[in-house]
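Asker: These are the residues of each chain, in order.
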Amino acid sequence: MDYPEELLYSQEHEWVSVDGNRARVGITDFAQDALGDVVYVEMPELGATVSANVSCAEVESTKAVSDVYSPVSGTVSAINDGLTNTPERLNQDPYQEGWIYEVEMSDLSELDAMMDASAYRAFSEGES
Amino acid sequence: MASSDLLHSPLDSEHRALGARMAEFGGWEMPIQYSGVLEEHRSCRTDAVVFDVSHLGSLRVFGPQAKRVLQQTFTNDLERIGPSKAQYTHLLDSDDGHVVDDVIIWWVDDDEFLVMPNASNTDQLIASFSPVDGCEVQDITSTRAVLAVQGPAAATRLKGIFVDNEYPTKFTVVPFSFSGHEGFAAGTGYTGEDGLELHVPLAAVHDLWQSLLAAGVTPAGLGARDTLRLEAGLPLHGFELGPGITPLQAGFGWVVRPEKGEFLGRTPYLAELASGPERRLRGLVVNGRQIPRHGCPINLAGSTVGEVTSGNFSPMLNCGIALGFLPPEIVDGSPVEIGIRDRFVEATVVKPPFVSSKSI
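Residue numbers (the numbering used here), protein chains in the order written: chain S, 1 to 128; chain D, 1 to 360.
With the rest of the complex left out, here is chain S (with noise of 0.2 Å):
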């Protein structure tokens, strides 16, 4: 199981990269790889507005539907097209070619609340 340093990590098995006010969102490899082979995904409209913990996506293996709760408040300001017709990028690679959105956030404060990657890496094994 992989569990980049660099990023930031929800209790909801998503992970943030950040970039000033602009996060990258996405599930981490323990979310893919429970889920099983993803077939569906369905991403937050450009533009939306979404809130902290609030589900925003969804992820939908042959197994079940997941929904995708954002780990920060904030705008829409990119969506990943790819995965529309190539969803098995999220069980590839979750963390660069797997990403789901993007969102100008609106509260920075919320990142704080996030786990770092050998918090992260605790929780989700103490899970399993």
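No lab work stands behind these hints: they were computed from the structure.
Keep in mind that a hint or two might mislead.
What the hints assert, rightly or not - Under the rule of at most 16 Å between Cα atoms (straight-line distance), these lysine to aspartate or glutamate pairs were calculated in the EDC-like manner:
hint : chain 1 : residue 1 : chain 2 : residue 2
1    : S       : Lys63     : D       : Glu39
2    : S       : Lys63     : D       : Glu24
3    : D       : Lys85     : D       : Glu166
For this one, chain S is given, so just place chain D on it according to the hints.
Answerer: Then chain D, alone, in the frame of chain S:
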């Protein structure tokens, strides 16, 4: 159910050694996937895979009255086949005619049959046989393993294992000998592909499993087995068959043969045959990758007319597919909408199978 209460396949340690993900199914802990559902699914459509289906029940029904008892219990007519053949059949509830179980019967010898129910129904099935002299029923589930080898390359991959055995054609049952152990092979399956099922004593199954893997047959789990059967339009007990669902509703009138005489559920079956079923099982193809799941409403022109029984992603069609009950007057090609969580997606009513290989 705690893991310790679950039954385990004789191949449990082999599955774990391959890194299989295990899950509960019908009281058994069985492999759901090895490499991944999609990859295993495509291997079955293009090459050959093996499923451990030892969770199915095996009842040995034998004696001079065995055939008569089976004729009086199940819906299909054994007179239509003969020894060394297999037949798909239903057990109906005698009061309301719902499908208590769907089983396959292997007619292995003149007075001897192997009846294979769904895992969770084995005890109920035993209870439904009327005890008579000349017909014995033995639950031999714990003495054997069942492996299903499926896919267009099954016969080629199995050549070495069948050097000294006859290879069974579709719905044929033949003796199968492996490293000194005697079992049976039948040209049956649940994927819509060519292939067979092997019923072998426990002592043979470990070597047989290794020989199959060595022959290039890919292990596949119950996850792929479910997406494969769905693409083939085959019913799963508990979803397309079960309480409240009759053979006529599920499109299985052809396995009910009232002309043979009495059997359980014949009266309610004939009543429904006369009035016509209120609903019929149909196929639904989604215009997109969304997956309809069990219980999703099916709408026509804004009103709900039916419900999805099971659905998944079709790895061959790259879209969502489902089976569901609809009023009989809705014709193939009708555009419908399926309610998936908080939205409706467009779908088309079709006649299954969704994917047809030459053998379906």
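Asker: So, for every hint listed, does it hold in this structure?
Answerer: Here is what the structure says about each hint:
Taken as a hint, the lysine 63 (chain S) and glutamate 39 (chain D) pair is honoured in the structure, with Cα atoms around 14 Å apart against an allowance of 16 Å. Under the criterion of a C-alpha separation no larger than 16 Å, the hint pairing lysine 63 (chain S) with glutamate 24 (chain D) is consistent with the structure, at around 14 Å. Distance check on the hinted pair: lysine 85 (chain D) and glutamate 166 (chain D) sit about 14 Å apart at the alpha-carbon level, within 16 Å; holds.
Consistency note: the structure conflicts with none of the earlier hints.
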